[in-house]
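> Please build the complete structure, drawing on both the sequences and the hints.
As they're listed, the protein sequences go chains A and B. Counting from 266, one number per residue, gives the positions in the first sequence under the working numbering. Counting from 6, one number per residue, gives the positions in the second sequence under the working numbering.
Note that these hints are calculated values from the structure, not bench results. All values derive from a computational prediction rather than experimental measurement. There's no promise every hint is true.
[As the list claims (entries may be wrong)] Beyond 10 Å from chain B on every Cβ pair, some chain A residues (computed):
| id | residue |
| --- | --- |
| 1 | R282 |
| 2 | R300 |
| 3 | M326 |
| 4 | K333 |
[Stated by the list, open to error] Derived DMTMM-like pairs: lysine to aspartate or glutamate, alpha-carbon spacing no greater than 25 Å straight-line:
| id | chain 1 | residue 1 | chain 2 | residue 2 |
| --- | --- | --- | --- | --- |
| 5 | B | K525 | A | D342 |
| 6 | B | K157 | A | D342 |
| 7 | B | K566 | B | D547 |
| 8 | B | K157 | A | E347 |
| 9 | B | K575 | B | E586 |
| 10 | A | K333 | B | D516 |
| 11 | B | K67 | B | D83 |
| 12 | A | K278 | B | E425 |
| 13 | A | K333 | A | E343 |
| 14 | A | K278 | B | E593 |
| 15 | B | K343 | A | E343 |
| 16 | B | K464 | B | E586 |
| 17 | A | K341 | B | E346 |
| 18 | B | K157 | B | E346 |
| 19 | A | K341 | B | D516 |
| 20 | B | K343 | A | E302 |
| 21 | B | K566 | B | E593 |
| 22 | B | K525 | A | E302 |
| 23 | B | K435 | B | E346 |
| 24 | B | K587 | B | E601 |
| 25 | B | K503 | B | E531 |
| 26 | B | K464 | B | E388 |
| 27 | B | K575 | B | E588 |
| 28 | B | K503 | A | E343 |
| 29 | B | K32 | B | D83 |
| 30 | A | K277 | B | D436 |
| 31 | B | K594 | B | D550 |
| 32 | A | K348 | B | E531 |
| 33 | A | K348 | B | D516 |
| 34 | A | K348 | B | E346 |
| 35 | A | K277 | B | E425 |
| 36 | B | K525 | B | D550 |
| 37 | A | K277 | B | E346 |
| 38 | B | K532 | A | E347 |
Virtual Cβ for every residue (Gly too), placed ideally from N, Cα, C.
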Amino acid sequence: MIHMNMLRRYPKKLFWRAYFIGLAASLVLNLVWLRTELFHYHFSFQYVPEFFAVFGLFGCMLLILIAKGMGYFIVKDEAYYEKRSRN
Amino acid sequence: MVAWIHPGFVIFLGAFLIPFIPWRRVKLAYFLSLPIAGLALLILTTLGIFGSIPLWPQALLKWRLPLMQYTLVLGKIDKLSMVFAYIYVIASFCMNIYALRVKNDWEHVAATLYVGSALGAIFAGDFFTLFFFLEAMSWAPVFLIWFRGTRKAQGAAVRYALWHHFSGACILAGIVIHLNQTGSLEITHLPWGWGGEYIGYHLMLLGFIINAATTPFHSWLSDTYSEATPSGSIYMTAYTTKTAIYCLIRTFSGVPLLMWMGAIQAVFALFLAVLENDGRRLCSYHIISQIGYMVAGVGIGTEIALNGAISHALCHIIYNALLYMGAGCVLVVVGTAKFNELGGLYKYMPISFWLYMIGGFSISGFPLFNGFISKVMTIEAAELIHNAPIYLLLEGATVGTFLHTGLKLPWNMWLQGRDEPPPHLRAKLKDSAVNTPANMLIGMGILAFLCILMGVYPKILYDRLPFPVTFVPFTTTRVFSNMQMFIFTFMGFWLLRKLVLGHPTYTLDTDWFVRIAGQKVIWFCEKPLMAFASFVDAKVMDLVDFVVWASRNPAVALRIKREEVILGMKRLLTNPAHLTEKEQSLEEKRRNYPGELPKFSLGVSLFLILLALSLYLILYLMSLS
Chain A
266 MIHMNMLRRY PKKLFWRAYF IGLAASLVLN LVWLRTELFH YHFSFQYVPE
316 FFAVFGLFGC MLLILIAKGM GYFIVKDEAY YEKRSRN
Chain B
6 MVAWIHPGFV IFLGAFLIPF IPWRRVKLAY FLSLPIAGLA LLILTTLGIF
56 GSIPLWPQAL LKWRLPLMQY TLVLGKIDKL SMVFAYIYVI ASFCMNIYAL
106 RVKNDWEHVA ATLYVGSALG AIFAGDFFTL FFFLEAMSWA PVFLIWFRGT
156 RKAQGAAVRY ALWHHFSGAC ILAGIVIHLN QTGSLEITHL PWGWGGEYIG
206 YHLMLLGFII NAATTPFHSW LSDTYSEATP SGSIYMTAYT TKTAIYCLIR
256 TFSGVPLLMW MGAIQAVFAL FLAVLENDGR RLCSYHIISQ IGYMVAGVGI
306 GTEIALNGAI SHALCHIIYN ALLYMGAGCV LVVVGTAKFN ELGGLYKYMP
356 ISFWLYMIGG FSISGFPLFN GFISKVMTIE AAELIHNAPI YLLLEGATVG
406 TFLHTGLKLP WNMWLQGRDE PPPHLRAKLK DSAVNTPANM LIGMGILAFL
456 CILMGVYPKI LYDRLPFPVT FVPFTTTRVF SNMQMFIFTF MGFWLLRKLV
506 LGHPTYTLDT DWFVRIAGQK VIWFCEKPLM AFASFVDAKV MDLVDFVVWA
556 SRNPAVALRI KREEVILGMK RLLTNPAHLT EKEQSLEEKR RNYPGELPKF
606 SLGVSLFLIL LALSLYLILY LMSLS
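Written as structure tokens, this is what we have:
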């Protein structure tokens, strides 16, 4: 089946192109629209330029890094409980 | 007016017939028809065949049973119970399709009983009925876990039962105290405070939040759901926790404690998800995180927040079942859901991948998917009460959710930048784009369609919520901010993608305290306590033996013991070599024991009897004074 085989290719190029266009558009549109009536926020910090970009990027990276730090204490061998109950 | 038929009872009682149908096709058709029958009954109820449904919070009361001086209400029908019931049966239909290939009939029975009792709990109008169905709901999943058949699953099933019986006991204690204080069993909004007079409500809330897997009592969920059978776990994702949310909405809405617990839980579970290696455990942490939104919504307690909590619970049932089905597909097809063993499956299972991604976009809250229309409602509620920390926690959880379910899981399972899976997995796959069984794809497809339908046309859900909805989800502000946030979350993920690869590890959770304490208790019972018990046992038996031995000839026994003591002392003072003769004679006496018994004359015997009687008399007189 031809259409099924087309599905099997993973649309890498298309994805990256769309991604960078979206990224650039979001940065520009945020600056353009921020003080217009299009945007209505409840907290003053949401009006900081590119607040959601920074929040998304740093939120994501902090989440991973803090979790990795936590992992130092709580990541154990797969059979942790089995081994403990045997001893 | 026709008598109402309880859809929960149809499904609950219908479950028992499944194993007795001899023809497999008929059996499966019957299994699929149960939720359809339930749905038909619900539609008839909505159409007003059984009486018109009044506006919230009034209710249409059906199926009342007298019990002692109380009345049990099995059918309390209002907008809240109806909207939950609809989603329950629709989700159950898709799950049944997904589970069609399961050979074990009893797994179908357990699943159907589970759905039936969940509906029973939803329609319960009094606390006893609610408790009965919650207990039924805590048993059915035990079997869904048990039927996996592995040793780990058996342990998990027992832990599941223990957690839920603890929460059940808390709820029952709360109900009894509430009944004692008020004399009423009706499910209503309960008072809340910190004083001692609220102890019953504290217990009840504890029971509900354990069932809802609220931090710090969330660990049973990730621990047990990931051990259940691939299709059994799908049912589990939907019913227990959402029913608990339903109970919280009915009884404890507007408790500020819940608002904070929910917001913290939404973020906390994500930290643990970063470290997770098992796909289904990762999805479990996302159930916990998403429940955080609902619990926070219940805690905020305004109309929009409750609407948000309800719609999020219902959307969550749909998309989370879809996510679990996606991870379950991989587990069924290649036999593992561990990230460190997977990757490169895209070429062989692209349809499951894209259906999973619809669930992933939904849970993350992409516009036009159903997570968006419910999640932003709760977030908006937090904005409207002007609580910045709650808002930031909930918005932060959105970032983390997209990171894990939208990026980390699909990346690790299907892609990892490879075109081919590891060779041992490749051997299990046909060279085709469709490796997933068709029934699974159909089940997932219907759920994916519902995700998009509700996301594109939210009115279908909003009109059925108990409070009127004036909220408009698709504003430029929200769509734009969410999209920008996701674009940059992706950037963060791409930069740190090496850090979120799977490693064969196990991440400890809050149940560590309970499990280690449990292991210590068992160790204490098995080792020191048993040693002490056998020591006491041995000593008592020695004493008894000695008394029996001595009573055979007390005079000689006394002599032997005296000589033993004297010999022991001599051994300390003199050279033991000199004492061998005496030891030999003592040994001789022991061997001849009891030997010739002394013969008493009649007079001596009478004297002994009189002596005993007089001793008894003295004791008696002493006790009188």
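> Report the numbers of all earlier hints that the structure fails to satisfy, in ascending order.
Hints 3, 4, 14, 16, 20, 22, 25, 29 and 36 contradicted; others consistent.
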